Amino acid sequence: MKVRLATVWLGGCSGCHMSFLDLDEFLVDLAGLVEVVYSPVVDVKEYPENVDVCLIEGAVCNDDNLELLHKIRQRTKVLIAFGDCAVTGNVPAMRNQLGLGNAVSVLQRAYIDNAQFNQRVPAAGDGIVPTLLPRVMPVQEAVHVEHFLPGCPPSAAHIKAIITHLLSNTSKLEGRQIKFG
Amino acid sequence: MAAKTLTIDGRQITAEEGATVLQAASEAGINIPTLCHLEGLYDVGACRLCLIEVAGVPKLLPACTTKVAEGIEIKTDSERLRKYRRMTLELLFAERNHVCAACVSNGSCELQTLACSQGMDHVRYDYLFPKWNVDPTHELFGMDHNRCVLCTRCVRVCWHIEGAGTKNVAGRGTKAHIITDLNMPWGDSDSCTKCGKCVQACPTGALFHKGATVAEMRRDRSRLEFLVTAREKKEWITAD
Numbered sequence: 712m713k714v715r716l717a718t719v720w721l722g723g724c725s726g727c728h729m730s731f732l733d734l735d736e737f738l739v740d741l742a743g744l745v746e747v748v749y750s751p752v753v754d755v756k757e758y759p760e761n762v763d764v765c766l767i768e769g770a771v772c773n774d775d776n777l778e779l780l781h782k783i784r785q786r787t788k789v790l791i792a793f794g795d796c797a798v799t800g801n802v803p804a805m806r807n808q809l810g811l812g813n814a815v816s817v818l819q820r821a822y823i824d825n826a827q828f829n830q831r832v833p834a835a836g837d838g839i840v841p842t843l844l845p846r847v848m849p850v851q852e853a854v855h856v857e858h859f860l861p862g863c864p865p866s867a868a869h870i871k872a873i874i875t876h877l878l879s880n881t882s883k884l885e886g887r888q889i890k891f892g
Numbered sequence: 098m099a100a101k102t103l104t105i106d107g108r109q110i111t112a113e114e115g116a117t118v119l120q121a122a123s124e125a126g127i128n129i130p131t132l133c134h135l136e137g138l139y140d141v142g143a144c145r146l147c148l149i150e151v152a153g154v155p156k157l158l159p160a161c162t163t164k165v166a167e168g169i170e171i172k173t174d175s176e177r178l179r180k181y182r183r184m185t186l187e188l189l190f191a192e193r194n195h196v197c198a199a200c201v202s203n204g205s206c207e208l209q210t211l212a213c214s215q216g217m218d219h220v221r222y223d224y225l226f227p228k229w230n231v232d233p234t235h236e237l238f239g240m241d242h243n244r245c246v247l248c249t250r251c252v253r254v255c256w257h258i259e260g261a262g263t264k265n266v267a268g269r270g271t272k273a274h275i276i277t278d279l280n281m282p283w284g285d286s287d288s289c290t291k292c293g294k295c296v297q298a299c300p301t302g303a304l305f306h307k308g309a310t311v312a313e314m315r316r317d318r319s320r321l322e323f324l325v326t327a328r329e330k331k332e333w334i335t336a337d
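For the protein sequence lines, the chains are L and P, in the order given. Residues in the first sequence are numbered consecutively from 712, following my numbering. Residues in the second sequence are numbered consecutively from 98, following my numbering.
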């Protein structure tokens, strides 16, 4: 039976997914081994049950991210924190340095101070724009994570290495394969 | 000088009396991870990455400040040492804002390289996300406190190789930080000679040449070694 693979895009730039697409011809081999059941590149709206492996790109930035992540954890055997934002918080978490109230001040900065026209903060709680969390979290701070693949983005070679490792239970990643940045 | 015989990782080696375990190991081709150590500077044992086990001593000792002694047995690699090295690295990453992806030293950083070599694929502690600023006031160099690991290489190089005494450490615990002169902007410093040795000495992206952007910062450590060697061997002092 094929491995049920999901990939998800939380608070990140999608660069990790771009790197995933850089797997090039290995994607063809991979298609023979896995079934992609949920991903920004497939048209599935609801995260399915009984997923074997999920690659999680991005940090946990808003209530939408957090809700989806809890759902993913419940429905998935193995989670991989995919890229620096998922592993460390990285650039999205830089707002944490602004301290308490950063979720308000960054919106003020982006939508009022730096806006030339139509200065208005998108209303939270209207069901359209998710509410920012008070503090951005790396994925493992919110849920248990089995594997970590740092890198900004992790190179296609490293993504291939971790997938191959999971599919065949060979050696772990080491050295430059786990380089941050 | 008298030679001392000791055992490192099961290998019998000899070293000069007064040498540190780090020097002895390095001469024998045994690699011990270091961060605050820099060739040409005296050692302070600040970073705790070079911790070693000495038979009969219950606590771990830094290889850079532990002197060789006759007959001692040393381990530079064990489950216990790996555990503490990784913990130390994770705490360093958690204490400041080491955003590798947006750092001038990405790809040539000693902290980043150590994390790779010690198998640190994530940090188990909560990041502190402290608020630190960047001092861009100097005409040639910048100081980013977010990337500082307080190894004090810049302080030691400034006091003991350049002799300017511009760089210092102020504060305690997580508030400890590098200052210039009496905690003034670097650009206003009277004592700084603009020699740039601190920038050459920095292991991370904390000190950088202005104009360097992400992953562009390169350092040339050999310049410091050259200066120290020339001074020690009195290569600049002529007969007349």
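None of these hints come from the bench; they were simulated from the model. These figures come from a predicted structure and were not determined experimentally. Any given hint could be a false lead.
With a Cα cut of at most 30 Å, we get these calculated DSSO-like pairs of lysine-lysine [what the hints assert, rightly or not]:
#1 K883(L) to K172(P)
#2 K172(P) to K228(P)
#3 K228(P) to K883(L)
#4 K180(P) to K871(L)
#5 K788(L) to K180(P)
For the pair supplied as a hint, K180(P) and K871(L), is the alpha-carbon distance within the 30 Å limit? Holds. K180(P) to K871(L) sits at ~28 Å (cutoff 30 Å).
Pair hint outcome, K883(L) versus K172(P) [Cα-Cα no greater than 30 Å]: holds, 25 Å
Holds or violated: K172(P) with K228(P), Cα cutoff 30 Å? Since the Cα atoms of K172(P) and K228(P) sit roughly 39 Å apart, the hinted pair is violated (cutoff 30 Å).
Taking only the CA atoms, is the gap from K228(P) to K883(L) under or equal to 30 Å? Not satisfied, since the Cα-Cα distance of roughly 36 Å exceeds 30 Å.
Within 30 Å, alpha carbon to alpha carbon, are K788(L) and K180(P)? holds, 27 Å
Against the hints set out earlier in the document, violations occur for numbers 2, 3.
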